[in-house]
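Taken in sequence, the protein lines are chains E and W. All you need for our numbering is the position in the first sequence, starting with 1, plus 9. All you need for our numbering is the position in the second sequence, starting with 1, plus 9.
Treat the hints with care, as some may be off.
[Stated by the list, open to error] Each computed DSS-like pair below joins lysine-lysine, with the alpha-carbon atoms no more than 25 Å apart:
#, chain 1, residue 1, chain 2, residue 2
1, E, Lys121, E, Lys181
2, W, Lys69, E, Lys63
3, E, Lys205, W, Lys88
4, E, Lys69, W, Lys63
5, E, Lys102, E, Lys88
6, W, Lys16, E, Lys16
7, W, Lys63, E, Lys63
8, E, Lys102, W, Lys63
9, E, Lys205, W, Lys16
10, W, Lys88, E, Lys63
11, E, Lys63, W, Lys102
12, E, Lys88, W, Lys16
13, W, Lys205, E, Lys88
14, E, Lys16, W, Lys88
15, E, Lys88, W, Lys63
16, W, Lys88, E, Lys88
17, W, Lys137, W, Lys69
18, E, Lys16, W, Lys205
To be clear, the hints were calculated from the coordinates, so they are not data collected in a lab.
2 protein chains.
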Amino acid sequence: MSKGNTKGFTIWFTGLSGAGKTTLAHKVHEFLVARGIMNLEILDGDVVRTHLSKGLGFSKEDRDTNIRRIGWVCQLLTKHGVPNIAAAISPYKEIRNEVRQMVGNFVEVYVKCPLDTLVQRDVKGLYKKALAGEVKNFTGVSDPYEEPDNPELVIESNRETVEESAQRIIAKLEEMGFIAPKEHKYSKEEEEEIAKRLESLGYL
Amino acid sequence: MSKGNTKGFTIWFTGLSGAGKTTLAHKVHEFLVARGIMNLEILDGDVVRTHLSKGLGFSKEDRDTNIRRIGWVCQLLTKHGVPNIAAAISPYKEIRNEVRQMVGNFVEVYVKCPLDTLVQRDVKGLYKKALAGEVKNFTGVSDPYEEPDNPELVIESNRETVEESAQRIIAKLEEMGFIAPKEHKYSKEEEEEIAKRLESLGYL
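Full structure from sequences and hints, please.
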């Protein structure tokens, strides 16, 4: 089995805070490793803010800079054949389209969830604060979110399981020719390598 | 010939403005392509400032953030088997060592040139301005440059040709096991691919 996939692509998750972008990114990662793709990189919005965007805030301008920067790194990785997943709210259509142009092999996935549901769940307690006016520029409450016009996929995270969503994304990657269809039989050695990798990532 | 080298590494050029970091980076790139390494990425300080570090200035803090950010991208590329070259003044020892730790396969190359020579050449006219006090925080004139204690290589760019320097870097990469020794005979097809690549990069 080759150490890495030679075809680079970017899966770009966009959607409101709490919609399930990060969880889904990790499930897709798990599924891709199980398909023998060992070299995927996840660029999670929150993590990337530490390394790439320290000092940037949540104004439109700062958000745009943050997204362009993540997009530039996605573009670099894709160009060099490294599949990658970005998970960032990325509320503005224009900048997402800019990133799409820059990257090329781009799979925009809109992780959609009704605001009501997000407010009810409110895992991090942020919606409550935003609705009380304690957090400014909160996307979906006090800051705009522009839905994609033509995303490659819409995931309704309140209606399907994470496994179902991840499976649909894998099918889309096959359809777009970014990964090979699953017909390959793995050797015992390959299956061991996959199991080892899944374990090291904490998925097994 | 494989599309890419599977071993990632970072060649980190440090040195004063005008010492020849960018020129040398491109010569090393040319030599590496000629060795069949097709997937190298150059992160040039000036270029990277547009994509990664817009808004950062030249205070110690901003310089440190800029270098850490470039280092983080080098680390990503190296991790995924993409050889890369960073060319940035990177005046502070501590931050360069931080990047070294983060990257792992790290080849620090100090591109050394006496200040007198740089002031005489003054290709961009910046030293004149710095000496006249018109440019603030100019490394080597009004801002410190800390020489590396134990770089993998010191290039005296006023005493050797660019070709000699690039050749020494290639030899160092072989010695460190990052590229295979040149004993491989290329097929006609491989040689054509190399020539095509060199031409597309403007080196032929």
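A quick look at each hint next to the structure:
Between Lys121 (chain E) and Lys181 (chain E) the CA atoms are separated by roughly 17 Å; this keeps the pair inside 25 Å, and the hint holds. With a C-alpha separation of about 15 Å, the suggested pair Lys69 (chain W) and Lys63 (chain E) falls inside the 25 Å cut-off, and the hint holds. With a CA separation close to 18 Å, the supplied pair Lys205 (chain E) and Lys88 (chain W) stays within the 25 Å bound. With a C-alpha separation of about 15 Å, the suggested pairing of Lys69 (chain E) with Lys63 (chain W) holds against the 25 Å cut-off.
Restraint check for Lys102 (chain E) and Lys88 (chain E): satisfied, since their Cα atoms lie roughly 23 Å apart, inside the 25 Å limit. For the suggested pair Lys16 (chain W) and Lys16 (chain E), the alpha carbons sit about 17 Å apart, so the restraint of at most 25 Å is met. Under the criterion of a C-alpha separation no larger than 25 Å, the hint pairing Lys63 (chain W) with Lys63 (chain E) is consistent with the structure, at around 12 Å. Distance restraint check for Lys102 (chain E) and Lys63 (chain W): the Cα-Cα separation of roughly 22 Å lies within the 25 Å cut-off, and the hinted pair is therefore satisfied.
The hinted pair formed by Lys205 (chain E) and Lys16 (chain W) meets the criterion: a straight-line CA distance of about 21 Å does not exceed 25 Å. Note on Lys88 (chain W) and Lys63 (chain E): the hinted pairing holds, with a Cα-Cα distance of about 22 Å set against a maximum of 25 Å. Restraint check for Lys63 (chain E) and Lys102 (chain W): satisfied, since their Cα atoms lie roughly 22 Å apart, inside the 25 Å limit. For the given pair, Lys88 (chain E) sits about 17 Å from Lys16 (chain W) by alpha-carbon distance, which is consistent with the 25 Å threshold.
For the suggested pair Lys205 (chain W) and Lys88 (chain E), the alpha carbons sit about 18 Å apart, so the restraint of at most 25 Å is met. A threshold of 25 Å between alpha carbons decides the hint, and for Lys16 (chain E) with Lys88 (chain W) the separation of about 17 Å falls inside it, so the pair holds. Under the criterion of a C-alpha separation no larger than 25 Å, the hint pairing Lys88 (chain E) with Lys63 (chain W) is consistent with the structure, at around 22 Å. Between the alpha carbons of Lys88 (chain W) and Lys88 (chain E) the distance comes to roughly 15 Å, so the proposed pair stays at or under 25 Å and holds.
Between Lys137 (chain W) and Lys69 (chain W) the alpha-carbon distance is near 22 Å, which keeps this suggested pair within the 25 Å criterion. Note on Lys16 (chain E) and Lys205 (chain W): the hinted pairing holds, with a Cα-Cα distance of about 21 Å set against a maximum of 25 Å.
Violated hints for the displayed structure: none, as all numbered hints are satisfied.
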